[in-house]
Amino acid sequence: MTIIAQYKAAPEFTALAQSTKRAYLAYIKLVEDEFGDLPIAALTDRRVRGEFKGWRDKFANTPRKADYAWTTLARLMSFAKDRGIIATNPCERGGRLYAADRKDKIWSEQDIAAVLSVASAEIQLALILALWSGQRQGDLLRLPWSAYESPYIRLRQSKGGRRVAMPAGTPLRALLDATDRRGPLILTNTLGRPWTSDGFRTSWSKACERAGISGLTFHDLRGTAVVRLAIAGASVPQIAAVTGHSLKDVEAILDAHYLGRDIQLAEAAVLKLEARTNL
Numbered sequence: 001m002t003i004i005a006q007y008k009a010a011p012e013f014t015a016l017a018q019s020t021k022r023a024y025l026a027y028i029k030l031v032e033d034e035f036g037d038l039p040i041a042a043l044t045d046r047r048v049r050g051e052f053k054g055w056r057d058k059f060a061n062t063p064r065k066a067d068y069a070w071t072t073l074a075r076l077m078s079f080a081k082d083r084g085i086i087a088t089n090p091c092e093r094g095g096r097l098y099a100a101d102r103k104d105k106i107w108s109e110q111d112i113a114a115v116l117s118v119a120s121a122e123i124q125l126a127l128i129l130a131l132w133s134g135q136r137q138g139d140l141l142r143l144p145w146s147a148y149e150s151p152y153i154r155l156r157q158s159k160g161g162r163r164v165a166m167p168a169g170t171p172l173r174a175l176l177d178a179t180d181r182r183g184p185l186i187l188t189n190t191l192g193r194p195w196t197s198d199g200f201r202t203s204w205s206k207a208c209e210r211a212g213i214s215g216l217t218f219h220d221l222r223g224t225a226v227v228r229l230a231i232a233g234a235s236v237p238q239i240a241a242v243t244g245h246s247l248k249d250v251e252a253i254l255d256a257h258y259l260g261r262d263i264q265l266a267e268a269a270v271l272k273l274e275a276r277t278n279l
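With the working numbering, the residue at position 201 of the sequence shown is 201, and numbering never jumps.
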């Protein structure tokens with residue numbers, strides 16, 4: 001059975017949401033069309049990384065497509081390494097072709113699902129908390145359980161001192177309510193101790209590496225939260241009330257993403273228009 005066939009049959013793939021599977025399958029087909037008959041033994045040859053890079057570079061005119069193709073290939077290689085099929089992942093630290101202001105660095109559903117599928121429960125909680133709150137890493141690592149009184153989270157941001165009060169979305173609330181309170185802080189390491197910045201950064205990086213994610217940071221989840229709220233139909237002031245961004249910063253993030261012609265933003269706009277008129 002090929003690596004691709006094994007991956008498609010494995011929980012790492014079958015447990016993904018249908019929309020995420022569809023996104024992956026489109027890029028898996030690109031990989032299969034190019035490398036489907038590549039012997040597993042060839043993956044041990046140091047030159048194979050160059051072959052993979054050359055294939056990715058064929059999509060250089062569409063940098064985002066090139067990056068998603070590389071991420072998918074890296075995910076397959078990570079799976080093969082985890083299953084003992086290969087000893088090293090030839091796609092690790094591949095970098096991205098798409099370069100933009102950090103405001104345009106947005107985690108896709110595919111990226112999020114990839115990390116959730118390989119991360120520890122502690123890292124998963126940090127990801128979901130960031131995704132639904134839009135707060136900075138430092139503020140989240142210091143967030144005490146006393147800041148959460150279901151369904152609200154209240155905190156003062158370390159940068160600028162803004163006070164933020166937000167309702168925790170249902171998925172976040174369910175996760176928080178199911179989490180054992182092993183200490184005064186919500187986010188702890190596997191030993192139940194508060195994270196150090198370096199310790200969290202290392203564990204986060206390892207999870208992203210296993211998921212085949214590069215070029216995205218934990219901080220980029222803050223901008224991603226802004227875009228997710230916009231897709232859901234929230235106004236700029238409403239988004240700022242949740243994330244604590246200034247109105248100007250929210251607009252800058254959305255400007256960068258609108259310029260990227262995000263199809264979900266366009267779909268959300270048309271659905272809102274359709275709800276108001278038949279003409």
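Just so you know, these hints were derived from the structure itself, not from any lab. Be aware that a few hints might be false.
Claimed, not checked - Restricting the straight-line Cα-Cα distance to at most 25 angstroms, the calculated cross-link-like pairs of lysine-lysine (BS3-like) are:
1. Lys81 to Lys53
2. Lys248 to Lys206
3. Lys8 to Lys81
4. Lys272 to Lys206
5. Lys29 to Lys58
6. Lys81 to Lys248
7. Lys8 to Lys65
8. Lys65 to Lys159
9. Lys206 to Lys53
10. Lys53 to Lys29
11. Lys272 to Lys65
12. Lys8 to Lys29
Predicted model, so just to flag it, every value in this text is computed and none were measured.
Results for each hint:
{"no.": "1", "hint": "Lys81 to Lys53", "verdict": "holds (19 angstroms)"}
{"no.": "2", "hint": "Lys248 to Lys206", "verdict": "violated (34 angstroms)"}
{"no.": "3", "hint": "Lys8 to Lys81", "verdict": "holds (15 angstroms)"}
{"no.": "4", "hint": "Lys272 to Lys206", "verdict": "violated (40 angstroms)"}
{"no.": "5", "hint": "Lys29 to Lys58", "verdict": "holds (15 angstroms)"}
{"no.": "6", "hint": "Lys81 to Lys248", "verdict": "violated (45 angstroms)"}
{"no.": "7", "hint": "Lys8 to Lys65", "verdict": "holds (21 angstroms)"}
{"no.": "8", "hint": "Lys65 to Lys159", "verdict": "violated (35 angstroms)"}
{"no.": "9", "hint": "Lys206 to Lys53", "verdict": "holds (22 angstroms)"}
{"no.": "10", "hint": "Lys53 to Lys29", "verdict": "holds (17 angstroms)"}
{"no.": "11", "hint": "Lys272 to Lys65", "verdict": "violated (29 angstroms)"}
{"no.": "12", "hint": "Lys8 to Lys29", "verdict": "holds (12 angstroms)"}
In summary, the numbered hints that this structure violates are 2, 4, 6, 8, 11.
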